[in-house]
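With the hints as a guide, bring both chains together as one complex.
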Amino acid sequence: MKRFLYRLTFIAGMALVLMASSFLFTNQFIGKHAKIELDKSKSMLVIGHSHSECAFNDSLIVNSSNISSSAESYFYNYYKILAILKQNKQLKTVFIGFSNNQVDEVMDDWTWDDRHLQNKYKTYAPFIDLEGTKLLYTKNPNGLIGNFGASVFHNLYVIASGSNLTKKIGGYLSLVMTRPDTIPVKEQKGKEQYSFKKTSAVNLHYLKAIINKCKAENINVYLVRSPLHKEWKYLRNEQVFQRVLRKEFSATEFLDFKDFPLADSDFADSEHLNFRGARKFSLFFNRLLDEKMLLRADKEEFIKAEILKVSERIANGADFLPPR
Amino acid sequence: MLFNSISFAFFLPVVFVFYWFAAKNNLKRQNIVLLVASYFFYSCWDWRFLFLLVFSTLLDYYTGIKMSEAKTQKIKKFWFWLSILVNIGFLAVFKYYNFFASSFAEALSQLGINFSPWTLSIILPIGISFYTFHGLSYVIDIYKDKIKPERNFIDYSLFVSFFPLLVAGPIERATHLLPQIKKKRDFSYVKATDGMRQILWGLFKKIVIADHCATFANLIFNNHTLFPGSTLALGALFFTFQIYCDFSGYSDIALGTARLFGIDLLRNFAFPYFSRDIAEFWRRWHISLSSWFKDYLYIPLGGSRRGMGIAIRNTFIIFIVSGFWHGANWTFIAWGFLNAIFILPSVLFKTNRNHLDIVAAGSLMPSFKDILSIMLTFALTTFAWIFFRAESLNVAFDYISEIFSRSIFTVPQFPDRNIAMLTLLLTFIFFTVEWIGREQQYAIASMGLKWPRAMRWFAYLLIALGIFLFKGDEQVFIYFNF
Numbered sequence: 001m002k003r004f005l006y007r008l009t010f011i012a013g014m015a016l017v018l019m020a021s022s023f024l025f026t027n028q029f030i031g032k033h034a035k036i037e038l039d040k041s042k043s044m045l046v047i048g049h050s051h052s053e054c055a056f057n058d059s060l061i062v063n064s065s066n067i068s069s070s071a072e073s074y075f076y077n078y079y080k081i082l083a084i085l086k087q088n089k090q091l092k093t094v095f096i097g098f099s100n101n102q103v104d105e106v107m108d109d110w111t112w113d114d115r116h117l118q119n120k121y122k123t124y125a126p127f128i129d130l131e132g133t134k135l136l137y138t139k140n141p142n143g144l145i146g147n148f149g150a151s152v153f154h155n156l157y158v159i160a161s162g163s164n165l166t167k168k169i170g171g172y173l174s175l176v177m178t179r180p181d182t183i184p185v186k187e188q189k190g191k192e193q194y195s196f197k198k199t200s201a202v203n204l205h206y207l208k209a210i211i212n213k214c215k216a217e218n219i220n221v222y223l224v225r226s227p228l229h230k231e232w233k234y235l236r237n238e239q240v241f242q243r244v245l246r247k248e249f250s251a252t253e254f255l256d257f258k259d260f261p262l263a264d265s266d267f268a269d270s271e272h273l274n275f276r277g278a279r280k281f282s283l284f285f286n287r288l289l290d291e292k293m294l295l296r297a298d299k300e301e302f303i304k305a306e307i308l309k310v311s312e313r314i315a316n317g318a319d320f321l322p323p324r
Numbered sequence: 001m002l003f004n005s006i007s008f009a010f011f012l013p014v015v016f017v018f019y020w021f022a023a024k025n026n027l028k029r030q031n032i033v034l035l036v037a038s039y040f041f042y043s044c045w046d047w048r049f050l051f052l053l054v055f056s057t058l059l060d061y062y063t064g065i066k067m068s069e070a071k072t073q074k075i076k077k078f079w080f081w082l083s084i085l086v087n088i089g090f091l092a093v094f095k096y097y098n099f100f101a102s103s104f105a106e107a108l109s110q111l112g113i114n115f116s117p118w119t120l121s122i123i124l125p126i127g128i129s130f131y132t133f134h135g136l137s138y139v140i141d142i143y144k145d146k147i148k149p150e151r152n153f154i155d156y157s158l159f160v161s162f163f164p165l166l167v168a169g170p171i172e173r174a175t176h177l178l179p180q181i182k183k184k185r186d187f188s189y190v191k192a193t194d195g196m197r198q199i200l201w202g203l204f205k206k207i208v209i210a211d212h213c214a215t216f217a218n219l220i221f222n223n224h225t226l227f228p229g230s231t232l233a234l235g236a237l238f239f240t241f242q243i244y245c246d247f248s249g250y251s252d253i254a255l256g257t258a259r260l261f262g263i264d265l266l267r268n269f270a271f272p273y274f275s276r277d278i279a280e281f282w283r284r285w286h287i288s289l290s291s292w293f294k295d296y297l298y299i300p301l302g303g304s305r306r307g308m309g310i311a312i313r314n315t316f317i318i319f320i321v322s323g324f325w326h327g328a329n330w331t332f333i334a335w336g337f338l339n340a341i342f343i344l345p346s347v348l349f350k351t352n353r354n355h356l357d358i359v360a361a362g363s364l365m366p367s368f369k370d371i372l373s374i375m376l377t378f379a380l381t382t383f384a385w386i387f388f389r390a391e392s393l394n395v396a397f398d399y400i401s402e403i404f405s406r407s408i409f410t411v412p413q414f415p416d417r418n419i420a421m422l423t424l425l426l427t428f429i430f431f432t433v434e435w436i437g438r439e440q441q442y443a444i445a446s447m448g449l450k451w452p453r454a455m456r457w458f459a460y461l462l463i464a465l466g467i468f469l470f471k472g473d474e475q476v477f478i479y480f481n482f
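As they're listed, the protein sequences go chains L and S.
Counting from 1, position 163 in the first sequence corresponds to residue 163 in our numbering; the numbering is continuous, with no gaps.
Counting from 1, position 328 in the second sequence corresponds to residue 328 in our numbering; the numbering is continuous, with no gaps.
It is worth saying that the hints were derived from the structure and are not from the lab.
It is possible that some hints are incorrect.
Below 30 Å or equal to it, Euclidean Cα-Cα: the simulated DSS-like pairs (lysine-lysine) are [claimed, not checked]:
#1 L/K168 - L/K208
#2 L/K299 - L/K258
#3 L/K2 - S/K24
#4 S/K184 - L/K2
#5 L/K247 - L/K139
#6 S/K450 - L/K2
#7 L/K304 - L/K92
#8 L/K40 - L/K292
#9 L/K208 - L/K230
#10 L/K197 - L/K230
#11 L/K134 - L/K86
#12 S/K74 - S/K148
#13 L/K233 - L/K309
#14 S/K144 - S/K294
#15 L/K92 - L/K208
#16 L/K247 - L/K134
#17 S/K191 - L/K2
#18 L/K299 - L/K215
#19 L/K2 - S/K28
#20 S/K182 - L/K2
#21 L/K2 - S/K183
Just so we're clear, the structure is a prediction, and the values are computed from it rather than from any experiment.
Isolated chain S (complex conformation) (with noise of 0.2 Å):
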């Protein structure tokens, strides 16, 4: 069930009611309504894999409650690397086993060894990478004492099965949505119209920018050898449009969804293509991921604190490891590493605390220096998203090589130059938006609340029907990927 369909369209009214109306005033039936709803959101995914999350939850869930019991340190040990081990071993078989097994097998056979390994034919579950970090990060938390272990199961259930998050994140945090979920929730008509004017523009920056986007990126990624440096750029500066507003306009939804129902999620995007340098541009992409990377795996190993030499490779672990994340390729490694290395400067010179602010606040126009930072970092990570669409490392490599030819400077060809301009100009009009409300949670966070409600109203209605008229080809969200 995509938030972008007709199915969520009808279901999200019906939890919405029963909420809000069934439940209403008591805490359990609240948290109940929601996880029914959860539960069946994901069945509308696969129903099989219900079993794989619940096993998941499960599992953490009496982790957890034995690691809080454990009269010692090794029995807590055990309880912790047991849930480790097997989050992580469903990770490791459902997304990695094959690839694992396919590079083993090249890497044998640049040897002049044939090896046929064995390869399983299963699906990825859904939401995979999301709920088994929730769960991740539940466990980590208790183990460093940071936390108690839930032992209501119901609301333990619905921290790792909220279905605003269930699929795409944000990755949440017990010490974030655990103390909202313990607690019973009044309607706040601030709070649901915040809701559904932040859906509204997730929907519109999903179905207008990112599949309109996603139509010439795919065609041109997919068909790369058939055309000039010119249009390949074009088409990596299409993806670049294209996976922000998948995935941002996704998480968009997420958070007004979650918002109707009375609870915050953690923001996952800060309007990234705005930012300075690499180091800010990681503090505003995919918040909730690189966070946790941060805090459960660069931090503990000792972050930048015990060196320069650690803090590099700290750095690039993180990186490898955030890439890896994304997919079993070896393109989402070249992507992290890449971005390992842009970031590297400012470790080494430690500037990478440089731009904590938000770039021209309070003024409409950024200063020249700001401009080309903006530029300059928006061009490197377009570059590194080359990789991380690009369907193998050769691939990548024989873009990027046309790019840089003399190709770069014949005019760009399409198929349906009429529907590429309007495109570009469409995803103009979006990011002027953007950087309009860049000082807000997200673009129209604030838009027109000092209007006249006709106005006010008047706007919202021409979004609808942008979204209505402008809708592009449909895409599955790029981020179900992972």
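Bound conformation, chain L alone (with noise of 0.2 Å):
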């Protein structure tokens, strides 16, 4: 019996130091070498979760570029961009996307649950501080403990190809999806199923660090919400979302382009823009930073007074962005 327990000990112990000095090592060496590093040309950066990544064309935005990525929470967010700034000091905006559904708990999940870890811990392990490691520890330490071996495995995959993240972290998603028919049937369901609870303190609170984050930079950062169907089914924590940007968010300005026009064809699903709808708000985004919309003190009005004038021009059959 003690032959057995002290092999068995002796053998655990050497795979354990193995797999815990793998783990500290690769994750030391992607955090010192590995390149994030954007176009220098472009300044301004859009990061989020998947309606930003589906939404901004970066590439018909110009001297813009998208790292938004699906399924991915401030927490992620917050990590990615600490790496960012530190490679690209070219950046002079960044616009975060800002949607009803971060503000709910459901970002708790997306930031800690099995599946969410699975996906985007491994990429963003070598930069998560201790803080944000005790975090995701305390909510679900089988998780993390049971993803430790993929992010070794991924780091040993992006040192191999050259310790190049920049297209791993994100970037715009074309979708070629078309379901204007399910949307109200999809969201019929969603509305017998969804109803607020409550606030995900964490998510707010890893957006407030990109802010400050961003600011500390001296970086402009402006929070964004991009085009919705009205049929989403997180529209109805409205007046929640509303609360929660005029008490945390009042000194960050909010660009809202909720209520652009578009039709059912220019949706993926109720949420996400598919190609089309994303050409269409792009263009138009681009439009208002030609026209300075950014320099503007009356933003809202502004934004507001163009989706207007964009509406009327669809409805007389024109084309909605006037020629230049």
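The following block contains the structure:
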């Protein structure tokens, strides 16, 4: 018995040491040497989850890079932006996608449930600090520990491919689906299922952290809500969303494009634009930037007025944007 | 509490220490420790169903004693049928009621009659198919006077609830497990190290191979309308590897864990994908279930001794029932039926006992004839697995028709081709190791036993590191659904 226990403890101990050291070493290496180099000629950045990922076609918005990524809470956005700002001093403006579901407690799952940890932790493990690791460990120790190996493997893969993370951390996603006929049906089900219970304090905490970091780096930061279909179930928490905006983020400007006029056929589903919708919205957004929207004091009124103009143009059968 | 979870990694050593130290040299204490641990293990899934498990245990314990004390055959039959009906009743309610209700409603709707059946919103108690069959085999063996009833309730409860086999088998027999439970276990270094080795291999199968294959199998099956036939064929292949590695991996962990406590469980898998015909496959796949059906259904129905017609009928019955045992869906019944069709030639021509030996025993390479037989058997089982995995018969037929269309000749599509290639490479390495170790209880049973200790331990570390690095996206054990 003693012989068995000694030998088992020795082998298990060796295995643990090997695993821990591979985890620490590869994370350190990636943390120090990973390249996240955006186009140096682009000074604007878009970050967020799938809404901004699908809405902002950065090839149509001059001077911008979109590094949004699906199913990514502000926790991961925060560590991503820390790494990006270190290597991309050319950035002067950051647009943070801010949508109704991002105030909801569902974002807690996006941060630490098994599925999202499996998806996100391996990419961001080298950048997550002790505080972030403690949070994940407190909320889902099994899930966190279970993903150490995956993060080592991912790190080795990244190291083997030259430690370039630029294309692995997000980017514009062109969706080709169109489901106009399913939107009401899908959201009818959604309406029956969704009711707001509470906000995600953690997610909002990390949003503040992103904003504070940008401001500390003298970067202009804006919260942006991309176009949404009126049937999207999370719009039911609009009052809560506005309250959070007023109370927690009153010092940060909010650019609201929720009501940008798009047809059902411009949506992939009730919350994501397909490539057509993204094209229209991105060209519109680019036009507003051209017209110095960011320098105006009355941004909210300006955006509303421009959206109204688009609606009128569409109603009159004209193209959604006037020619230059 | 999954076998591959952190919580189990803490649970097992605690039970081990209590068992071998606190309960040292005392049979009663050993069994109590295991029983308490087993009930704790089960309650971690859902404590409410613990009452069902205990009730089922009490029922079979009591009816077993009552049968042996019965003064007349009539009374004996009464207790026998009470146990059978209550056990099957539990399965019928928890597992099959909704299926029958909705199938009945659909049949009526085909006749133009609209009927909305009342359905039950209940969760399937985990392991019910397994522990119910434990109890049934015990009761049937007593009825047939094969065994005497167990009068020690703790011993009997442990037989039903022993945690390594509680949620997904193997389906044990009272004649095999009870004698071990009734005998004090002494620590055996050889048994314990062998158990650890089998656990390690089971974890590798499940975490590395099964979970990686599952990612692609799920992606392809769940979106089958988006992929060409070539990708769907690969999806079927991934599922074939997934279900084997998932289930046999679980069984390896179960057997290895039991061996840590000095208990040997029935072997459940004997390298089934190296079978040369379907009959051999069914002697090597989920052995505890197929032998259960053979002993308690096929033989009592007459087996193959009452003429060819009866033999064919019985073959179809056990395969369809076996399919139905897996789940309340027509796809499982279709899977069972298909396997009956596949085995029919060997029943008709009486070649079902042709391959009782291990393929290419004693040599590294099989003969060309064996290779062809293995490939054909593998192809047939993979084809049948499509029904097993598909959500419905329509999906299965769509899936198959796309495979056998011109799109089979296109290049397979994957969102992550590198990981798919890595998965296939790991699976190839895995099956190579399985092939080399096919003459043993499990692939690495005697791996390195003749090597220097340092080299052997290095090999174990390599496997452990492989599990750590190549861990797939976590999936629940497939057979937990049954």
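L/K40 paired with L/K292 [C-alpha distance capped at 30 Å]: 22 Å, holds
Agreement of L/K197 and L/K230 with the hint, judged by alpha carbon distance not exceeding 30 Å: Holds - the C-alpha atoms of L/K230 and L/K197 are around 21 Å apart, at most 30 Å.
Given hint S/K28 paired with L/K2 - CA-CA distance at most 30 Å: 23 Å, holds
Given the hint that S/K450 pairs with L/K2, does the C-alpha gap stay at or below 30 Å? It holds: about 22 Å lies between the C-alpha atoms, which stays within 30 Å.
Verify the proposed pairing of L/K299 with L/K258, using a straight-line Cα cut of 30 Å. 14 Å, holds
Is it true that the CA of S/K184 sits at most 30 Å from the CA of L/K2? The given pair, whose Cα atoms are some 20 Å apart, holds under the 30 Å limit.
Is L/K208 within 30 Å of L/K230, Cα to Cα? 28 Å, holds
Between S/K182 and L/K2, does the CA-CA distance stay at or below 30 Å? 26 Å, holds
Keeping to a limit of 30 Å between CA atoms, is the pair of L/K304 and L/K92 held or broken? Status holds; Cα separation ~25 Å.
Taking only the CA atoms, is the gap from S/K144 to S/K294 under or equal to 30 Å? Holds, at about 16 Å.
If you draw a straight line from the CA of L/K247 to the CA of L/K134, is it 30 Å or shorter? 28 Å, holds
Need the status of pair L/K92, L/K208: alpha-carbon distance at most 30 Å? This hinted pair holds, its Cα atoms lying about 18 Å apart.
Checked against the numbered hints listed earlier, the structure breaks none of them; every hint is satisfied.
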